[in-house]
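Using the sequences provided together with the hints, build the complete structure.
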Amino acid sequence: MAGIIDVPKPRINCSMLLQHINQAVCFVCRVSKVHPSGKTFTAVDGEGKTVTVELNCCLEEELSGVVEVIGLVSNKGVLMAATYNLLREDRGTPFDLELYNEALKVIHDFPQHYPFEAAVSG
Amino acid sequence: MSITLTQGAIEALYKGLPIKNPLLQLLNIRQMTSNSGLPRFRLMMSDGQHALSSFLLTTQLNHLPEQKLLVQHCICMLKKVVTSTLADGRTAVTVMDMEVVQSAEETGGRIGNPTPYNKDGQMSSPAKKSSATLEPDSSSATAPGPSYRSTSFSRSNAAQSSPTNSPMKVSPMKDTNSPMKFSPAKGTNSPMKFSPAKGSNSPMKASSSSPMKVFPISTLNPYQSKWTIRARVTNKSNVRQWSNSRGEGKLFSFEVVDESGEIKITAFNNEVDKFFSLLEQGKVYYISKATLKVANKQYSTLKNDYEMTLHAHSSIVPCEDNQSIPAMNCNFVQIEELENRDKDAIIDVIGICKKAEDVSRITTKNSREVSKRALHLIDSSCKEVIATLWGEEAEKFDGSGQPVVAIKGARLSDFGGRSLSALFSSTIMVNPDIPEAFRLRAWYDREGYAVNSQSLTERRSTNSGSRMNWKTLSDVKNENMGHEEKAEYFSCLATVVYMRKENCVYQACPSADCNKKVIIQHNGLYRCEKCNREFSDFKYRFLLSANLADFGDNQWVTCFQETAEVLLGHSAQTLGQLRETDEAAFDEVFQKANFRTHIFKNRVKLETYNDESRVKVTVMEVLPVDHREYSRRLLSNIRRLAC
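Here the protein sequences come in this chain order: A and B.
Residues in the first sequence are numbered consecutively from 1, following the UniProt record's numbering.
Residues in the second sequence are numbered consecutively from 1, following the UniProt record's numbering.
What the hints contain is simulated information worked out from the structure, not anything from laboratory work.
No residue lacks a Cβ here, since even glycine has one placed at the ideal position from N, Cα and C.
All the given hints hold, so there is nothing to weed out.
Under 8 Å between C-beta atoms, here's a sample of chain A residues computed to sit facing chain B:
(1) T93
(2) D96
(3) L99
(4) E102
(5) A103
(6) V106
Short derived list, chain A residues pointing at chain B, Cβ under 10 Å:
(7) Y100
(8) K105
(9) D109
(10) F110
As structure tokens, this is what we get:
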């Protein structure tokens, strides 16, 4: 967990998962189905693609809506979550996942203008 | 009495036709005063049928009447005459040489029962024919349909005919029936039998079906007045009224086309009444006698240096033979091409009306109410554009069934990117009968309906209906905004970084709508100069000076009552009181308001105060940031700049 906190965590969506295998990432997605065991759930990103998220500890409460998951990408493309936080829908403007996806594309299309790595370490 | 007069001689002489030695009887002789001092004799001659008093005796023959050789009722042989037109248009036959062949005594009296000759050789009663020119229907049987002629339109070959035609040329069509009296027919309008003698194609009947020489439109110019064109009406506008300082009136205009080109024609006031119902779009007419002048390119985009104005003498007659005249002349531009055209260009466009919005009524700057309707047009370039119809056309437009709509002469504007607006002179055609329309219909039914087209006219879903002119604060300085006399408006996203606490409120006149600062007087009352009254109280009003900043620049702005209240979150009254009572709370209001980001709608203008001019920015409205809309705009800007 310590390894994840001070490392730059690029924001990605499903199509970029495989480029970040074994790297810490930040993933914003909408929960679609929670596994009965409570240890894993599937979610959908801004493009509509599905990702599986594995948690290290069990879910105590029912999870739904948009979550921001920080974790490691396994070799199989599964997101091993270290931590997550729920973006509440009942307060403020509802989160627009499609718009977030568009922004994501811009960040990755123009990395020279979005030097996040440098910002974190420097 | 054995001598017979030459029948028809009067007519021939009047028309200037050659006639050899005609025998005429002198009915009357009169001496006229002339400028030169010499007596001038005027003769009334008769050929037994007609009489004409327009004969002038050449002064060289003055001895004839002076020596009593030329006496009333004598018979003369005219050996040499010259028929000419006087300055006032009357015809005069000058007798250059004549011989008295029979004396008055021998002749005995007036031969026959000659009637005064007029142009058409008819009786002197106001003939129906000549008065017909004033009625909408020519009473002559051969006149086809509702042909309206305000004057004889046989002018077209007047050029070929002899000077005797000239009295017709300048017929001042002011009064009604031409005086059928025995005076040289002045301004008579009878167009009938008087066919220009020489080179006339066919006898000129009362009807308009006589063929005349048709000129191509491309040859029309203001220096030639005798022409007739045969053309099809391609575009007819509605009647429009105007009222300006010089007066008022009504007008309508239409465009016509023939094989050689097109020209615009305008009719004003009386001519509107005369011709508006006669002219139909798509039909062919003979038009003659109108004023040509240099075209006012501001109102017309036809390829012609000249344009025409109808006047009282103009003539428009329907023509049946129209095969050779081309129909509508349209240069349709593909919608995707519109981006490359200049703003304010006049364009012809055709497309499927994918969607027609409801008609709405808006009030213009001049407080006129007008209807408008927006049509979404799409064509095979898979691009869409909004075309706006106005007035009656907007009201009666029926967009059901996604019709093909063709607009000729619409103006391209840069409103919302690119959009089209129908002008007064534009023609809107719904489902026109042209091959382009069929092509579009087929394309749309096959694939067009499903296309996710991109509209050239961005629809702003943000609050204000009018365009939001988004700028950054650095743009204001870089673009020198507001430097002209006219105020400029723009919207921006900015953060409040500083607000002046001193003088953020002032004491204003308590009367409603008066915001003038009041002066505190010695007696403790507050005086308002504007209302010229004294008050015991005042109301606090905001006059906040704030500094806004964004990533690029900062800008000092002024906020008045409403906008300041939004920024500070408190009313002016509250703040005014806090200032006097609780300074800490007063400061805290400013602290909380500081470093907040809003959307600002501003006005920037050059203002002069005591000989000093400065560009000042005033906040018109403060709105909360709509992050999603802002993000979308940024994303589209990024994508656009990246290309």
